[in-house]
Structures are given as C-alpha cells and as structure tokens.
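Line order of the protein sequences matches chains R and Z.
The numbering of the first sequence is this note's numbering, which starts it at 737 and goes up by one.
The numbering of the second sequence is this note's numbering, which starts it at 3 and goes up by one.
Calculated directly from the structure, the hints in this document are not laboratory data.
Using N, Cα and C, we set each Cβ at its ideal position, and we do this for glycine too.
Every clue listed holds true.
If you only want the chain Z side, here are some residues facing chain R, beta carbon under 8 Å, derived: (1) R141; (2) N437; (3) L473; (4) G488.
So you can see what is in the structure, the chains are spelled out below.
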Amino acid sequence: MKGPVLTTSDISLSMGTALLSSADLLVADEADVVVASTVAERDRIVENVVGPRTYGRGLCTPPLSPGAAAFVLEHERDGREALCVLHDYQDGTNLSDWVSSEPPAEPALVVLPRPSADWDEALDRSPWRAVKRLVTSRRAGSNEASLAVALGAGIAALARGGARAVLVVDHWREPSGPAPSAPARWAAFTFVKADA
Amino acid sequence: MRLLLSGARAQSKVTLFDVSELRAQLAAEIAGFRVEDVAPLGAAGKWSRSDALALVAAREALTEARVAPTDPVDLIVGGTTGGLFVTEAKIASLHKPLAAGGETAEKALAEAYSDEALRSHPVSATADRLFETVHRFRRTRTVCSACSSSANAIALADAWIRAGKSKLVLAGGTDALARLTFVGFNLLQAMDPAPCRPFDVKRMGMNLGEAAAFLLLESEESARARGVSPIAELAGWAIGSEAHHITNPEAAGTTASRLMRAALGRGGLSPADVGYVNAHGTATPHNDRMESAALNEVFGERLSDVYISSSKGQLGHTLGAAGAVEAAITALSLADRELPPTAGLEEPDPALAALKHVRGKGVAHRARAALSSSFGFGGSNTVLALTEPGLFERPAEGGSRRRRIVVTASTVLGPEGVHNNADVARYLEGTPGENVGASSAESLAKSLDVERARRLDRGGALVTAINGRALDAAGIERAADTSRLGMVCGIAFRREEDFAAFLWPILEKGFRAGKPAVFPICFCRRPPGTRRSTWA
Numbered sequence: 737m738k739g740p741v742l743t744t745s746d747i748s749l750s751m752g753t754a755l756l757s758s759a760d761l762l763v764a765d766e767a768d769v770v771v772a773s774t775v776a777e778r779d780r781i782v783e784n785v786v787g788p789r790t791y792g793r794g795l796c797t798p799p800l801s802p803g804a805a806a807f808v809l810e811h812e813r814d815g816r817e818a819l820c821v822l823h824d825y826q827d828g829t830n831l832s833d834w835v836s837s838e839p840p841a842e843p844a845l846v847v848l849p850r851p852s853a854d855w856d857e858a859l860d861r862s863p864w865r866a867v868k869r870l871v872t873s874r875r876a877g878s879n880e881a882s883l884a885v886a887l888g889a890g891i892a893a894l895a896r897g898g899a900r901a902v903l904v905v906d907h908w909r910e911p912s913g914p915a916p917s918a919p920a921r922w923a924a925f926t927f928v929k930a931d932a
Numbered sequence: 003m004r005l006l007l008s009g010a011r012a013q014s015k016v017t018l019f020d021v022s023e024l025r026a027q028l029a030a031e032i033a034g035f036r037v038e039d040v041a042p043l044g045a046a047g048k049w050s051r052s053d054a055l056a057l058v059a060a061r062e063a064l065t066e067a068r069v070a071p072t073d074p075v076d077l078i079v080g081g082t083t084g085g086l087f088v089t090e091a092k093i094a095s096l097h098k099p100l101a102a103g104g105e106t107a108e109k110a111l112a113e114a115y116s117d118e119a120l121r122s123h124p125v126s127a128t129a130d131r132l133f134e135t136v137h138r139f140r141r142t143r144t145v146c147s148a149c150s151s152s153a154n155a156i157a158l159a160d161a162w163i164r165a166g167k168s169k170l171v172l173a174g175g176t177d178a179l180a181r182l183t184f185v186g187f188n189l190l191q192a193m194d195p196a197p198c199r200p201f202d203v204k205r206m207g208m209n210l211g212e213a214a215a216f217l218l219l220e221s222e223e224s225a226r227a228r229g230v231s232p233i234a235e236l237a238g239w240a241i242g243s244e245a246h247h248i249t250n251p252e253a254a255g256t257t258a259s260r261l262m263r264a265a266l267g268r269g270g271l272s273p274a275d276v277g278y279v280n281a282h283g284t285a286t287p288h289n290d291r292m293e294s295a296a297l298n299e300v301f302g303e304r305l306s307d308v309y310i311s312s313s314k315g316q317l318g319h320t321l322g323a324a325g326a327v328e329a330a331i332t333a334l335s336l337a338d339r340e341l342p343p344t345a346g347l348e349e350p351d352p353a354l355a356a357l358k359h360v361r362g363k364g365v366a367h368r369a370r371a372a373l374s375s376s377f378g379f380g381g382s383n384t385v386l387a388l389t390e391p392g393l394f395e396r397p398a399e400g401g402s403r404r405r406r407i408v409v410t411a412s413t414v415l416g417p418e419g420v421h422n423n424a425d426v427a428r429y430l431e432g433t434p435g436e437n438v439g440a441s442s443a444e445s446l447a448k449s450l451d452v453e454r455a456r457r458l459d460r461g462g463a464l465v466t467a468i469n470g471r472a473l474d475a476a477g478i479e480r481a482a483d484t485s486r487l488g489m490v491c492g493i494a495f496r497r498e499e500d501f502a503a504f505l506w507p508i509l510e511k512g513f514r515a516g517k518p519a520v521f522p523i524c525f526c527r528r529p530p531g532t533r534r535s536t537w538a
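In isolation and in its complexed conformation, chain R is listed as follows:
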C-alpha cells in the first residue's frame, strides 16, 4: 500500500471514523481503493481500566474476543461487482444534527453495534421509525471493534438479499456528564444494493 495510510483514533467510534475518512479520501481523489479497517485486542488494562474510564462501564461486554475488520471501498466502475453502495454517510457531535431521509429502498434494516437509547430516540423521530432494528452486541459482544461487526453484518444482509437498504449507526458520549455539554460523537452509514 503506497497510497494514503493513516489511523483514526476516536474512542468507541474509531472504525466509523476510519470508514468516513476512507470515503473522504476517495471523494478527494487521493486514492482509487481504500481499505477501512480496525483492530481491537483482548487486553486487561483496556477492558478493566482505560476502556471503562473512557467508554463507560457498559462498553466492554461479553462475549469478548479479539476483533478486526477490513472493508474495501472504491469508486463504482462498469463491470466491477460490488457488495453494495455507500449511499450516505454522516457524523457529528450532536445527534440532533443527523439528517434523516426516507429509507432509499425496501425492505430496509437498521443495525446497531450495541443498544443505544440516544439512537432509539433519534430513529423514532425519523422516517426509519418503523424499520426493524437489530443489535449485534448480543452475539458479538461490545468493544472497540463492535461497529465493524455491525457494518459487516449490515453489508451481509444486503449481500444475502434480506434487505435492500441498511442503516448502521453508532453513538458515544463521554461518561462524565449529560448532553450537550459532554463530549460526544455519532456516525450513520446508509448502504443500498448496487442495483437499488
């Protein structure tokens, strides 16, 4: 890899910001292909000390295991088969800034890496309110790589044909205090079948 190579490091959302930055680099025409990836290892200091201190107590939950993922992103080309299209991607610090529009295709699915009251509230106010929501942490656990599992599972739902549009979302707020003064960040990715 001799193209742009860098790390994003945004507590709880590092996979999401890696995917966002990969898309930014493609749009800026700095690369033809970007692999958005993540890795989280089993580590007692992270799981018991710095993780809970910075994520909040609930983030490192079983089943714990190493986690890693890689998603290959490129510009759409004639004749090149794709799993799906990255239809929309947004992020921010205040979840009320999320601009939601109608699901771009039906059936649709929402995938969350872990339960989120903030996202449930935002989704309930949006055109996605009636769309089925699935949470991957019940089977994959919850750690820094959890969003990667949710992204992979959402993309897989499109590849299997169970959905034609998938919204994958995540949100973190520093455990120190309430919104809007506590630092926070969120990301939302909408994928659609390539023919949608």
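Following the hints, put chain Z in place on chain R, whose structure we already have.
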C-alpha cells in the same frame, strides 16, 4: 515568527522527567508550562499536557480568525502521545500485578480504574477537552500517522471543505514530551546529544520538542463573507506511504518526491512556481539524505533557486504536532515574505544534493508558493502545498465527487471466527454460535509471511492479515501498482499490556533495560505504517 527569524533555539535539558542516564538529554520543552494554569478550575486531573497545549493554540487560532461561538466549526486533531506523559507510569505500574495474576491483578486493576487521569490517555481525549472548553465543534476527528499526523489533519480539512461537508475547520495537532518517546528515540540512537543540525555534515540525529498548532481553514468565499483576510492558500496536498521499513525511509526518496509532485499537481502548480520548502529536516542521517534526494529529483536544475529550511533546529521534532507547526510557519513565511533559517546548520553535508539553505538568520524573500513536508515514522508521508492567497488558479476538481462509492469486500474477525461478505450476517441472528475468536485470530495472524512480519506486534499482524484477506476477497491483485491503494485504520488503544511490559523495566531498572526493537510498535497507537509493508 520573530524568534524563529532571529535563529533562536529552544533546546535545553529536559526537566519534566529524569533523563540523567540517557545519552541525549536535550529537548525543546515548553519551560514553565503547567496544565493546572490552563485547564478549567478543578478539572486539571483529567487533562493531559497535550490537551493543555492544544487548548492554548486552538483558542488563539479561533480568536485570530475571528470565529464566533455560534459559527459551525469542525475539528481535526493530529497527535501521537495524547495523555502519555501522565498515564505512562500508571499503566506501567500494572505490569507486575498482572504478571502475578489472581487477586493481586484484580486489586491493581480496580485501583487503577479510580484514577481520573486515565481519562486523558486516548489521543481523542484532546478533541473532547477542546469540545468542552473552546468551541461546541460540529464534528471532531483524531488522526494519527506519526510525524505526519497534523499535516494529515490539514489535508482532511481541505477535503471536507471541498466536498461541502464543512464550512470552517480547525485543524492541527498537539504532542507533549513523554518518557516513552524520549527513551524510545534514544534507544534507537536517533537523538543528537547536542542541539540538532539538520542537513549538516556532522548531524547525529534529532531533538524532540513539544508543541501544539492549529490552523483555521475555510473556503475563499467563506473568508470573504466573514470579512477576514486569509494568511495563505492551501493549494494542494498529497498523502502516501513508503511501504519500505518500520523506521528507516527509502534512501532515494521515491515516495517523497512523488508526493511533492502530487501536492503541486493538485494545486495546479509546477516546481517552477515554488520559492521555499519547509523541509521535514529531522537531522537524522537517513531522513536528510532521503529528503535531499527527493528535492533534487523534483526541482532538478532549479534546486539552487529554491530556499530550504528546517524548523526542527529551533523547535525540535514535535512529532504529531510538527506538520501543523511547520504548515503555520510556511503560511506565515509566505504572508510576511520572510523565511526562517535552519538553526544548527554550519557545514552542509557535501554528500547531499546542493540545497539553497537559509542559514543563521531569516531572509527576506517573496516565495509565492511553498511546500511543507512531513515524513513520518514507518513511511507515512504527507506534503502540503501553500501559496499566497489568490495568486494561482487551482484546477477544476475531477469527477470523483460525482461517482458512487461501493464496497467490494467485507472481512470480519469476530467471536465466531473470520468471515467474508455474506457470512458476516450470522451476527444478525440472536443465538450465539461457537466462540472461536481467539484461535481464529491466531491462525489469521500466522497466515502472514513470517520473515516480513517478524517485527509486527500481534495487533499489527492481525490488521495486516485481515487487510490482505479483504483485498483478496475483492479480487485486487497484490502485484498491482499500489500507489493509489490506501488504508485508514481505526484504533483507540494499543495493546496496553505490551506497553506496560516495555516501559516497566525502564522505570524499574533504568533506561538501559529498554528494548529498542519494541519501541516502534508501542509508539503512537501503532501507526499503520508499521504494518502495511508486510502486505505490500
């Protein structure tokens, strides 16, 4: 700038921690700077030195740029050490209890959890502290690519503005001195015991420094609408990886020269337009040789017309902050039409290409266009091209903005093993399957070329292997030209148990107990540069 132009130097013996056993003891430490003088009252306990440095720089940049509290500003922070200076000893102290195991380990982990200072440990803590105190930023991002971190922050800011995502972006970096980096670079023999001498025949390595710098970026239209005058224009940038070696740069500077040309090309500039280069210029034998070769390749016969200087002879190498510090110096040099010198350069190395160095004191010169280069540890390189505002026409954007982005492969290592594409759907089902994640991780890591992967830590091996799997699944040929193939890896933490194991002997037995080969994988949250070479 006045001090820089005078040739003043900031290096002195480090006072933040004991360096008496080390060969090189100098750094450009910010004397008298105290977190408690900067952090909000009662909050200093969760603030790192890097956070506090960032607050000073970020607040001043927003004030200088006349940004109102209600303006929609996004933030990108580049950094490598984060809160290490305050947390490294605490984390290292866990090594022995963890090795003892049982109740001793549990007790030590529980006690460590109560330490408020550990909240400053992640590099993204700086963005969070700035969100609390400087501005309610609309979005925040933290990037880490060793010494090019904050140059990448600036490049991404440009991408956001041009894509219409952002109106105003505060981009920069911060890095405070820490024992890990100071000892690590000493162990690698990369530090000069004397004030460093970039491009000098007697150069022996760098001095570290600490700093924070932020630049407010916006479109020309936005600046005009707000009634502010731009200092300089960010005409172009280019980011690339050498895929060469975990610490040493390519001798011929092939990637560096490619990126200089690409940054100029993005801005519609040619080498003939450039009057100044703020070099990476670390004063290590390897970097300065590589960078001279790259400059010679790009400028050729014009090399003798282009002023070159390195700010590291005055400020030391400020690692994750260096890209932004030097971009700011480059911008001010264009605006003020005065170029700072390379302090410490007495006798240019005759073995290097003949560069037109600024020596002693600054020179008055209208450069019109300039480059600022950042060549990071592990070969993570970025070049920024800056010009006087409005002087050059930037070419129209290509068609990338209108093309759809597709996902052509998805590979996930989760508790149930390694799966590609449609098989990852298993995590949508409620019933847990067989938990085989750990053994799958081992087999995945072992799938690498052992010889080329021997210096990778386990996390580096995992992410390298999974990248390879995904590229295979996407049908991308490994032998293809990889200059347009990139990677962005999201990592919040290094493996802290490995870090504790590296640092504990140093704290307990002294600096000689450190293992130089381990340092690069502890440094800056394992930049992807340390792992990408195995696949490439």
